[in-house]
Structure formats: structure tokens, C-alpha cells
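*Asks:* What follows is the residue order along each chain.
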Amino acid sequence: MRVHQFHPTLAPGDAMSNHVFALRKKIRHWGYDSFAYAVEAKPGVADVRSYRRLFREVKPDDLLIVHFSMGSEVVDQLIKIPARRVLVYHNITPPEFFSGINPHAAAFDRLGLRQLARIAPAFELGIGVSEFNRRALAQAGYEETTRVPILLDWEHFAVPPNDAVLARWKGLRSVLLFVGRISPNKRQDDLVRMLAYYRRCIDPEAQLVLVGAFRDQPQFHARVVALIERLGLGGAVHFAGGVEDASLLAYYRAATAFVSLSEHEGFGVPLLEAMRFRLPVVAYNAAAIGETVGAAGVLLQERDLAETAEAAAMVGERTELREALVAAGEKRVLDFDPDKVAERTRQVLGI
Amino acid sequence: MGEQKPVDLDALMAEVRERIRIKREKGIYGPDVEALMRVPLPGGRRIFSEDLQDPLASLAEALDEEVEYDPRSRKPVVGPVITYARRIVISLVRWWMGAILERQERINRLLAAAYDYEGQMAPRFGSRLERLERDWKEWREHEVAANLHSVYFQARFGGDEPVIRRQSEAFVDLYKGRNRVLDLGSGRGIFLQLLKEHGIGGYGVDLDPRMVAQCREKGLEAHEVDALTHLRQVAAGSVDGLYARHLAEHILPGELVEILRACRRALAPGAPTVFITPNPKTLTVGAHTFWTDPQHLRPIPPDLFKFYLEVEGFTDVELRTFEPSERRLNEDVPAGPIRENVKLLNETLFGDRDYAVIGHAPK
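Sequence order for the protein chains is B and R.
According to our numbering, the first sequence is numbered sequentially starting from 1.
According to our numbering, the second sequence is numbered sequentially starting from 352.
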């Protein structure tokens, strides 16, 4: 038996792709042959096969894991391949977030959601990486569903943090960090508005660092930049773009709080990364964020920008509170221990 | 450090809100900052989650929206070819697209019609709701003639202090040795005064601040709060006696049941409980004097009141009538059917005007 994993695109630094590669590593470690396939492998990822090989290589007793986070015509073909088929759902951003901003993305997401429901009968099991996702699968018509968290691979963070990033940001009084693609559902625009309060009412020198690729949503990015200008926050918001692990690590180490106002996350890997690297988390409770953060961060039940800013300030200022949150965070990360998750994966896959 | 100490989020958020409040007070967080946080995302339409804040206005906008599509490609060299190809595809699928659009248009119109109210898209639900709430409140006030000046009313129809005192005295013995007797609707504090004189600990609650003030002037403990709220707030079992004179006829039957249920929690097991109310079994009361107080909602037949207490678990429930009618038919007639009839008429028309239902809190 061999285990094949497919996702339309595999890219470096992307939580979903990291999950695919981490799982492949584990499966190989268990003594099975395992491969990753994509329609498009972005520069920087190695050892990814073309999806076309799936049609030749997959044998009936093989296991085919389809990772689903977007619609793809290829998937309609893949489900015709005789094999054990399992779907891992990483969630699709509700199309409404893109309507009026990126109609193409909205239409694409809508197709993806329809496809997710249509292909349900082809899978013996639907795995949600969060309870939020598992429920979505059950609603889409998947009969057998279960939750297995994302398989995190901390090893690629085993690098020294980027010195330039540390030198630029470490030691400042207020550096608020958010990590995630620049996208309307992640509401970087509200983080900018929140910064307006922060600089007027808490610390006039406060900085907001937005780590995350902005190529996918150029329209939204351009509008957030325009908002920054309108609010007179030029120079206070730093778009770091997609960064390599050493820089990301340095941002986690240098920031004073991780702040999320995202309205839709299927899991929220950066929340756990922040905890792992001892950065307190302040997050608005939406979608899967609450179940990922647990009691290890300041989970905001109300969407109030002033409260968000004050909470972020308090976790930065109060040593005792900060240490309590850091300790709770480190403990929380253990709940998603890769070995435990791998064992659970193995168990639900029956391999 | 701090390994096991959980973070108290409620306390943290309370402090957060306090900080914001102080900043508002000092003017650091003013309308200018609020305006900054409300600046819309420039350069196009609001994003969806903002639309959701005012869905009706957004719906109206969306209905009028035209979907623009420019098939021209700006790519060098291949641009005209792409443009040509797109135009062909558009002409090929235009009937299908048209059918989809037609269906969507139908859905839009149906939706719009569903929200239409007198030619407007659900005009200001808020203001319509406000009007309803105002009407309802007004109705409740009119129902009990809340606009009638209660001081004048008290002077004309209110009970005479010595009479009330005499009536209340008959119940004081029930509370002997009790430390925390609650008088619901304590009014001028006549019963509280009696308790005090007999060395029984007690306090009252009343909705009328003037009544509460009068009690306090006499050195009696009284609080301005409604009965149900108070009963739900006090510690369980902390009240060891309950007295409520002329309260039940001012509230709806459901409210009375709620009060009895709250009593079960608030009262210590076995605590004596007395409710006094006009006795509608006496027809001159039920048909006449009961209604001389416009705040009376409905008369409660004694058997029904007894039943309420029994159902809620009160024990040894009994009825006691008092306050005989002043005028009665003369029963001094020869024995026989006429005297029996006169007696019956006296009972029915000129019986006792008030009754008490007495029970003990469930054990």
C-alpha cells in the first residue's frame, strides 16, 4: 500500500502545504511509500509530482488523500480512480467575503463549496482539521467525519531567527503582529483601524506588522493601503509579505502581542505558532479560532476595536499576565503535539 | 512561574473596559478616534461583513447593482485574440446566462417584495418596533391608571392606618421568633412597625420610593425594588417569613406564580407565608369595591389562591377571612326558611371583605 496526497497547489510557507509535507514525512517514517501531487507546485517546494501521474500510479489498495481548500476540476477526475479515498478539509473561505472585492475569488469559492458537496459520496471518510471544519463536512453531506488537527512540523523553525528582523523590531514598546494572507476574511483592515485607536489612546509609537502574502488579493491589499493613508498611519503599518521561517520566527520573537480580528479561519496555525514562540495571543472568537486558542489566549467575544487594542496593550505591559499567557500557550501547543496528531491520523486512516 | 494559574479573562476584560471608560472620561478616547475607526475601506464597495451590519440598506443597494464585465484583454500581441475569443464565448452562452439572470432577478424581486412594507424596503424596523413597545408600555400604564396621582388616591380610598394596623396584628404571632421576615409591598411600614414592636426582625421592599423613604424615616429597613427581582437576588433560604398584604391583586396570575416559585428558593424551609387580598367570594367586594382601585388587575378566588400555594409545594395551607361587611341584612327573623335565606344572602353579599391564605414554605 502507498499513500498519495493531492492538493491543486503546493507552496512554501503555506499552512496547508506544510501539513501535506509533514504528513508525508510521518507516513514514510511508518514505512510506507508516500508522495505529494499538485497541479501547480510553486517555486521553492521540492519533491512534488504532477497530478497526471496519479492516474497511472494509484493502485486499488492504495490510499488517496485529497486535501480540499478550493474547487478543482482535477478532483472530479481523481475520484474516479479506484482506491481508498479520504478527504481532508482545510475549509473554503465563504464567498461572501470576496463579493464586491474579488468576484473571481467569490465565484471560485462558490464552485468549490458546490463541488465539496457533490463529491461527498466518493469518500469513505471526511477529516476536518477542526471541529468547525468537521461540522461543515457533515453539513455538506459527508457521512463519516472526524476531527484530526493539522499536523504541525516544528522542525522547519529550527533555524536562528533573522537578525535583521530582530534588530528592526525587538525592544519597541508596542509591536502588534498578525500572520496570514492579506485577505478580506482576515480583516487586516480592522487591524489598521484598531491601530488608529492604539496610537491615539495608548502608544503613539505603536507598530502593526502584517506578515502574509498579498499577491492573491491585490484589490484588497490596495484598499487596505489606501485606508492606512486615509487614517494617517503611513509608516506605522508594515507589510512584510510572505517570509521565510527565520524571519517569521524573528517576528514572533520581537512582537509584543499577536492580534487577530480574522472572521474566518479553518484552523489558525499562526495562533499556535505565536504560542509556541512565547507570544501572547489576543483574538476575536470566530470560526475555528476559539477551539484552536482554547483558554490559552485572550479570546474576545465581542468585536470591539478599542477593547482589542486595550487587551493587546495589557498583555504587552503586564509581566505577570504575559507570563501566565505564555505558559498557558506553551501548554496549549502540546495539545497539538505532532506525534499525538500523527498517531491519531494513523488510527483514523487505518494504516 | 504561573504554570498552573489560569488567566481570569472576565477580570481582564472588566479592566479593559474600565480603562476605556477612563479614557472616555478624560477625553482621550473621543468622537474623533471613533470616527477614525469607522472610516470605510476606500476604493470600492464595503466588504461583506460590514454589509451585514446593515443588511437591509445593503440589500437595497445590491438590488440596483449592475454587473459590469469588460471582455477586452490588454495583453500585448495576444490581447485582440483573447478579446475575440471572449466575445465568441459570451455570444454562445448568452441564452444560458440570460436564463440564470432571469431566475436571479425573480428571486431578487420576491425577496424585495417580502421585505416591502408600504412601498419601502422594510422601513426602519427599529422605529416600528419602538412604536409597538411604546404602545405596549402605554397600554400597561393605562390598564392600571398609572397616570392617576397616587397621593390623592390614597387620601380618598387608601386604607386607614389604625384599621390596617388592627388587621395586621392578627398575623404577627405567626412570625414569633423569626429574624428576617420579608414584607412584600411594605407601603408605609405598618406591619414592619408591628414586627419591630414584637421583637421580630423584618424588612420590606416596595416599588414606590416615597413609601420606602417613609419607612426609613421611621427607622425601618426597606428597599426600593420589585418583589420578584428581590426574591431572586437574596441568598437561598435567607428569608424566614413572608408577608404580602394587597400585592397579589396588583399583578398578573403568571407573575404571582413566578413570585411563589422564587419564594420557594428564598424562604427557609417551614417559613410562615401570608398573602392577603380582597375576598371576591363576597359579591359586594368582587363586583364593586375591588374595582374602586384601578390598579387592581383581577380578583383571585380564595380556593384558587390556596391551590396556587399547594401546587408550589407550600404546606398546611389554610384560608382565613376577616374584615366583616359593615352593612348586613337583619337575621333577626323567625327561624325557618326565611332566616336561612337571609343568612345565605348575608354570606354571599355581605361576607368578610378580605382573606388571607396562610402556608409554610416547602421543607
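Please note that a few of the clues may not be correct.
[Stated by the list, open to error] Straight line, CA to CA, 20 Å or less: simulated SDA-like cross-link-like pairs of lysine to any residue:
hint: 1; chain 1: R; residue 1: Lys377; chain 2: B; residue 2: Arg200
hint: 2; chain 1: R; residue 1: Lys377; chain 2: B; residue 2: Asp203
hint: 3; chain 1: B; residue 1: Lys340; chain 2: B; residue 2: Glu205
hint: 4; chain 1: R; residue 1: Lys694; chain 2: R; residue 2: His711
hint: 5; chain 1: B; residue 1: Lys42; chain 2: B; residue 2: Pro95
hint: 6; chain 1: B; residue 1: Lys340; chain 2: B; residue 2: Arg322
hint: 7; chain 1: B; residue 1: Lys42; chain 2: B; residue 2: Val243
hint: 8; chain 1: R; residue 1: Lys374; chain 2: B; residue 2: Gly350
hint: 9; chain 1: R; residue 1: Lys377; chain 2: B; residue 2: Pro204
hint: 10; chain 1: B; residue 1: Lys331; chain 2: R; residue 2: Asp705
hint: 11; chain 1: R; residue 1: Lys374; chain 2: B; residue 2: Val243
hint: 12; chain 1: R; residue 1: Lys488; chain 2: R; residue 2: Asp359
hint: 13; chain 1: B; residue 1: Lys331; chain 2: R; residue 2: Ile602
hint: 14; chain 1: B; residue 1: Lys59; chain 2: B; residue 2: Ala11
hint: 15; chain 1: R; residue 1: Lys374; chain 2: B; residue 2: Leu125
These are calculated hints, taken from the structure and not from any lab test.
*Asks:* Hint by hint, say whether it matches the structure.
*Replies:* Verification of the supplied hints:
1. With a C-alpha separation of about 13 Å, the suggested pair lysine 377 of chain R and arginine 200 of chain B falls inside the 20 Å cut-off, and the hint holds.
2. Restraint check: the Cα-Cα separation between lysine 377 of chain R and aspartate 203 of chain B comes to about 16 Å, which is no more than 20 Å; the hinted pair holds.
3. The straight-line distance between the Cα atoms of lysine 340 of chain B and glutamate 205 of chain B is roughly 42 Å, outside the 20 Å bound, and the hint therefore fails.
4. For a cut-off of 20 Å, the pair hint linking lysine 694 of chain R to histidine 711 of chain R is broken: about 33 Å separates their Cα positions.
5. A threshold of 20 Å between alpha carbons decides the hint, and for lysine 42 of chain B with proline 95 of chain B the separation of about 24 Å lies outside it, so the pair is violated.
6. Among the hinted pairs, lysine 340 of chain B with arginine 322 of chain B is inconsistent with the structure: their alpha-carbon atoms are about 28 Å apart, more than 20 Å.
7. At roughly 15 Å between alpha-carbon atoms, lysine 42 of chain B and valine 243 of chain B fall within 20 Å of each other, so this suggested pair holds.
8. Simply put, lysine 374 of chain R and glycine 350 of chain B have alpha-carbon atoms about 58 Å apart, too far for the 20 Å limit, and the pair is violated.
9. Note on lysine 377 of chain R and proline 204 of chain B: the hinted pairing holds, with a Cα-Cα distance of about 17 Å set against a maximum of 20 Å.
10. Straight-line distance between C-alpha atoms of lysine 331 of chain B and aspartate 705 of chain R comes to about 68 Å, which puts the hinted pair past the 20 Å bound.
11. Proximity of lysine 374 of chain R to valine 243 of chain B is assessed by CA-CA distance (about 37 Å); at most 20 Å being required, the pair is judged violated.
12. Straight-line distance between C-alpha atoms of lysine 488 of chain R and aspartate 359 of chain R comes to about 40 Å, which puts the hinted pair past the 20 Å bound.
13. Pair hint lysine 331 of chain B plus isoleucine 602 of chain R does not hold up; C-alpha atoms about 55 Å apart against a cutoff of 20 Å.
14. Distance check on the hinted pair: lysine 59 of chain B and alanine 11 of chain B sit about 27 Å apart at the alpha-carbon level, beyond 20 Å; violated.
15. For the given pair, lysine 374 of chain R sits about 53 Å from leucine 125 of chain B by alpha-carbon distance, which is inconsistent with the 20 Å threshold.
The earlier numbered hints that this structure contradicts are 3, 4, 5, 6, 8, 10, 11, 12, 13, 14, 15.
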